[in-house]
Amino acid sequence: MAVLRLLAPLVIAVFAGAAIWRSSLYGVWKHSAPGAGLFPLLTSCGLLFFALLWLYDRAVSKDPLAALPEGVAMLRVGLQLAALVLFALVLDPLGYVAVAIGLAIITAVIAGEKNWGWMIVVALLAGFGVKYFFTALGTPL
Amino acid sequence: MMTGLEGLLGGFGNALAPDLLLWALWGCLLGNLVGVLPGLGSAGAIAILLPVTTVLPPGPAIIMLGGIYYGSQYGGTITTILLNIPGEASSAVTALDGHPMARQGRAGAALGIAAIGSFVGGCIGTLALAFGAPILARAGLAMGPAERFSMMLFALALLGTLLGKDAIKGFMMAFLGLLISTVGIDPTEGVPRFTFGEAHLLDGVNFAVAVMGLFGLAEVLLNAEERLTGGITEKVGRIVPTLAELRQALGAIVRGSIIGTGLGIIPGAGSTLASFISYGAETSVARDSSRFGRGAIEGVAGPETANNAYANASFIPLFSLGIPGTGSLAIQMGGMMMYGITPGPFLFRDNPSLVWTVIGSMLVGNIILLALNIPLVSIWIQLLRIRYSLLSPLIAILTLVGAYSITSSVFAVWIAIAFGAVGYVCHKLRLPLPPLVFTMVVGPSLESSFRRALQISNGDPSYFLSSWISIVFLGAAALLVLFVLATFLLRRQPMRSLATPD
Chain C
15 MAVLRLLAPL VIAVFAGAAI WRSSLYGVWK HSAPGAGLFP LLTSCGLLFF
65 ALLWLYDRAV SKDPLAALPE GVAMLRVGLQ LAALVLFALV LDPLGYVAVA
115 IGLAIITAVI AGEKNWGWMI VVALLAGFGV KYFFTALGTP L
Chain S
1407 MMTGLEGLLG GFGNALAPDL LLWALWGCLL GNLVGVLPGL GSAGAIAILL
1457 PVTTVLPPGP AIIMLGGIYY GSQYGGTITT ILLNIPGEAS SAVTALDGHP
1507 MARQGRAGAA LGIAAIGSFV GGCIGTLALA FGAPILARAG LAMGPAERFS
1557 MMLFALALLG TLLGKDAIKG FMMAFLGLLI STVGIDPTEG VPRFTFGEAH
1607 LLDGVNFAVA VMGLFGLAEV LLNAEERLTG GITEKVGRIV PTLAELRQAL
1657 GAIVRGSIIG TGLGIIPGAG STLASFISYG AETSVARDSS RFGRGAIEGV
1707 AGPETANNAY ANASFIPLFS LGIPGTGSLA IQMGGMMMYG ITPGPFLFRD
1757 NPSLVWTVIG SMLVGNIILL ALNIPLVSIW IQLLRIRYSL LSPLIAILTL
1807 VGAYSITSSV FAVWIAIAFG AVGYVCHKLR LPLPPLVFTM VVGPSLESSF
1857 RRALQISNGD PSYFLSSWIS IVFLGAAALL VLFVLATFLL RRQPMRSLAT
1907 PD
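For the record, the sequence lines run as chains C and S.
Counted the way the working numbering counts, the first sequence spans residues 15 to 155.
Counted the way the working numbering counts, the second sequence spans residues 1407 to 1908.
So here's chain S without its partners, still in its complex pose (with noise of 0.2 Å):
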């Protein structure tokens, strides 16, 4: 295998190549586009746009779903500064500043330091990716099938548990995911599972479609009931910041890259933690703590910094250990399964130079989007005064017709319009989605290396634990899933939450 450094400097030099250079610029664009869209955010974003990566070769499609990835997460700051509604729980702490500050007339600073920041914050997490997920992916070479299934076991009841108060809700939700993995004939003796006759589903439920529906269209159910209306800041003032403002917010963007990027490391720990604990990082060291709250630019800067740095460290248990940490990056990791490339510990030693062509272009994604974010702020407010009844309906057929490109079938838009209803009672019902996407991604995995290991030691249970590794995993998840019942049966008390969908 390649060092960091070659294969960073090798994927740097692929990915300036114009072709990548030209569908990471779409990517980005696409995923600003969708991002900003009010209430949708980047797991939504991605979801309705994967279909339109579907016709490119593997190396394009992936880089492009990764320019929609970072490009959503920024597009949804805008409408967290500008409208108010964060597009997701993670850009909820920059609404205490960043909204207070477009009020004041500051609007175009913050959106010019949550670019910086992001810019910054992306830039670090990339190269703890390129760094650690080698190295990661190493100790995941020597793990067996047992090791494999308490890992998965393991980041699974990780994710369940910072849901906080919702953890038994989560741990339902993740078992739901996974009895839908399920559906489809079972690869090791054909028998077809839950397909009641219906000869679409013998391949399983297709992954793409179900989060389009659960994304897209349940987020126009949503609509349909609430009517989203927003009040946009007119005065945006001046995009890029001052020396002093640059001055004042230097520290939050260096603390916000290290937390950011420590917590990316934790498949499940989510960008709300990372922004959430980056605030509070970031009242704690201030000497006026009075200003938080009221348009202070370390406020913006450090947890758009901390979530930037999330989003790309957490693609290193993705690459290294086929490990998904949130709903938007199962989705990104359904996507790459599409394309026939599968995360995990092998994708390092199999696909070398297209993971680290990869890597390289999160680089320049992040490049690229500090370049289009400061200059084309004026049109992202432009499109933020389209009312969302006028958005609504496109949102709907987009999804709907996406659904149907991906299988040429009208089975798919069924399915999508069923994930669709399903979102939509789960977001009445507050039940967390990123677990069931998680589980519906990883599960196949899950179940092979669960059944592989069964075989390898004759039905054996005690295999699972004939191994430090496979132990240290089974005894941690074991004892988070205790801590969150003892908790739950015995005191009664919800606990804090700690992590908020995706």
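For reference, chain C alone in the conformation it holds in the complex (with noise of 0.2 Å):
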């Protein structure tokens, strides 16, 4: 629990520290001038500067843990990232319609609509009527 109590401040810290290598390499002054690193070097600094006081704080407050979902809630969240991610992954091959319909199916049933025929209504409007908006606005799907 202490763990996860610090794992996102730690995270933050750890990709702040990160930052502040990454932007020394851009050169942080130049000629009597700021490079091109010293902006991204001071806000990583900032960044890591309050990350620590974040992890401080997490270390010795008595708050609760913020309400990480549980059990079945956590699967579908893990399932609707699962399902975005799967339509990027196929909309250039699949082409628009049938992944929008896929997605709005799948995101209707994780968000708990048991009715097939009002899911079917969405999917199709998310589909052809998007793509008819879109298309109608200058952006072929």
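Don't take every hint at face value.
Unchecked claim - Pulled a few chain C residues facing chain S out of the computed Cβ check, cut under 8 Å: (1) 36; (2) 40; (3) 53; (4) 99; (5) 126; (6) 132; (7) 134; (8) 138.
Claimed, not checked - Just the calculated beta-carbon pair ranges, DEER-fashion: (9) S/1891 / C/29: 15 to 23 Å; (10) C/73 / S/1547: 45 to 53 Å; (11) S/1603 / C/96: 39 to 47 Å; (12) C/39 / S/1756: 33 to 41 Å; (13) S/1464 / C/74: 44 to 52 Å; (14) C/38 / S/1888: 24 to 32 Å; (15) C/142 / S/1777: 31 to 39 Å; (16) C/39 / S/1752: 31 to 39 Å; (17) S/1695 / C/130: 45 to 53 Å; (18) S/1463 / C/96: 35 to 43 Å; (19) S/1461 / C/100: 22 to 30 Å.
Claimed, not checked - 25 Å max Cα-Cα, derived SDA-like pairs, lysine to any residue: (20) S/1571 / S/1628; (21) C/145 / S/1820; (22) S/1571 / C/28; (23) C/44 / S/1600; (24) C/145 / C/129; (25) C/128 / S/1793; (26) S/1571 / C/44; (27) C/128 / C/75; (28) C/44 / S/1865; (29) S/1834 / C/67.
Hints listed in this document are in silico derivations from the structure and should not be mistaken for laboratory results.
Built from N, CA and C at the ideal position, the CB exists for glycine as well.
Assembling the complex is the task here: the two chains are given apart, and the hints tell you how they should meet.
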């Protein structure tokens, strides 16, 4: 539990540390003027500083841990994220309409919809309706 | 530069052109429609609808964006009163009396008074914008890069500090946003930063795509977890408030307008603070404060007026100094920049016709909203009967397609999904998003002012202390940060939160 409490600030602190290292490679100071790396370096340092303060706060705080999803709820979030990733992966090979209909049905099921009739209506709206709408706006899908 | 009255009259005349009226109407309608969706909030509504405006020329697009902004604000009120689900934190206080009114069968009166209060507050906020912003912009024009950098730093410090007990996390998110804003080719030396060989990142992280993920997809993930539901009020009652109700609410509307407009000028104060102060003022001036929380009409009129007065007046620092006070306004600013219009002191000088037309359209938009919302309430109620499990797929698809439409590339879809996951995690960890969005949008101008100041001074950092304006802003920013650090480190007592995200 203690590890979980400190995990998020630790991840951000490590990320900030990596950004400091990377920024220094872009050149911090050149010919009495700031280089491309100075501003990212300063912001990464600021990020690291406040991430460490948050880490300290989490370490000494008795506040309850943020309400992380558990069990089935966690599974639903994971499935929803996987569905979004799948959408991006197969958008080009399968085309917009098929992928959008699939994502709409999966999202509705994850969100707890049980009426298949309405689900199909929404899926068709998401597929054909949105395609028509954006094509009319000048973005062919 | 034109005077406030000349500009406002000219802008109002321009905004009445049929095509612009139509775009304002569409904006209000779409904003209302998306704002009504439970839990989404105005930032989410603007983020999702941003791509819809991309096909328009800058003027109509910005007018439509403005319509979406205040349309979504009122849409959130409908959900708050009828479902007891505040679309955003600023509406939470409206729920205290608005929902009890709805349960008493007076939902119509609550919605009606909210529409009237929003109209009055919005108009007063817009008038303050018309007369205040040009004066502030003139002061902004006199500022050099050092002063501009110091001013933005001060606004950032203020935004973080006003997050109260979340200030440390707010500052952390602000620095994260600044870091994200540096991704892409460095404008001075042409060095690619944090692109890791990915050509799509050379132009940086697309702001609109990022906010669509942060607000739209994060909402879909949250709904997957929580399966949002709400019990809709069946009996709405009369929509137009009675004369007695109007008389009862009049004082609250006047006080709410003053509070909202006054706070709108301060970047980062937040509409939440405006609505809470207004509610506090109403409870303290009421003869019988025990009515509050049980359906007092002033408890709806005051906060809703303050909220909308704030929404319009907060354009003052945005248009005159380029400082967006809230997350929604930061998205609005990002949208304007997409059309090549940079809010700031030069806006009134370089694009006077456009800016006055936009301000004029705000007045028109307020009238449209009032005219729309009184007759359309029954339609919005029908919309609220649609199950969230059927709306969630549409939000997901519109967000993903919206992201795709901005760059016509699947890479944007990946960025939206990544930011969606970040937005979800931030929500779970109670990390405030407004500072992140704020710095993502002002980051490039903050860096540019910082570097230009150092270039002018041949790298001498004391240049930032060479003018009184800069000294005052830097000193105030330092004091705010020290105050937050001292409170955090010495007392370890959480400060009372003054404002919650947007």
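Results of checking the hints against the structure:
no.	hint	verdict
1	36	holds, 7 Å
2	40	holds, 5 Å
3	53	holds, 5 Å
4	99	holds, 6 Å
5	126	holds, 5 Å
6	132	holds, 6 Å
7	134	violated, 11 Å
8	138	violated, 11 Å
9	S/1891 / C/29: 15 to 23 Å	holds, 22 Å
10	C/73 / S/1547: 45 to 53 Å	holds, 48 Å
11	S/1603 / C/96: 39 to 47 Å	violated, 27 Å
12	C/39 / S/1756: 33 to 41 Å	holds, 38 Å
13	S/1464 / C/74: 44 to 52 Å	holds, 51 Å
14	C/38 / S/1888: 24 to 32 Å	holds, 28 Å
15	C/142 / S/1777: 31 to 39 Å	holds, 33 Å
16	C/39 / S/1752: 31 to 39 Å	holds, 35 Å
17	S/1695 / C/130: 45 to 53 Å	holds, 52 Å
18	S/1463 / C/96: 35 to 43 Å	holds, 40 Å
19	S/1461 / C/100: 22 to 30 Å	holds, 29 Å
20	S/1571 / S/1628	holds, 24 Å
21	C/145 / S/1820	holds, 19 Å
22	S/1571 / C/28	holds, 24 Å
23	C/44 / S/1600	holds, 19 Å
24	C/145 / C/129	holds, 24 Å
25	C/128 / S/1793	holds, 11 Å
26	S/1571 / C/44	violated, 40 Å
27	C/128 / C/75	violated, 42 Å
28	C/44 / S/1865	holds, 10 Å
29	S/1834 / C/67	holds, 19 Å
Checked against the numbered hints listed earlier, the structure breaks hints 7, 8, 11, 26 and 27; every other hint is satisfied.
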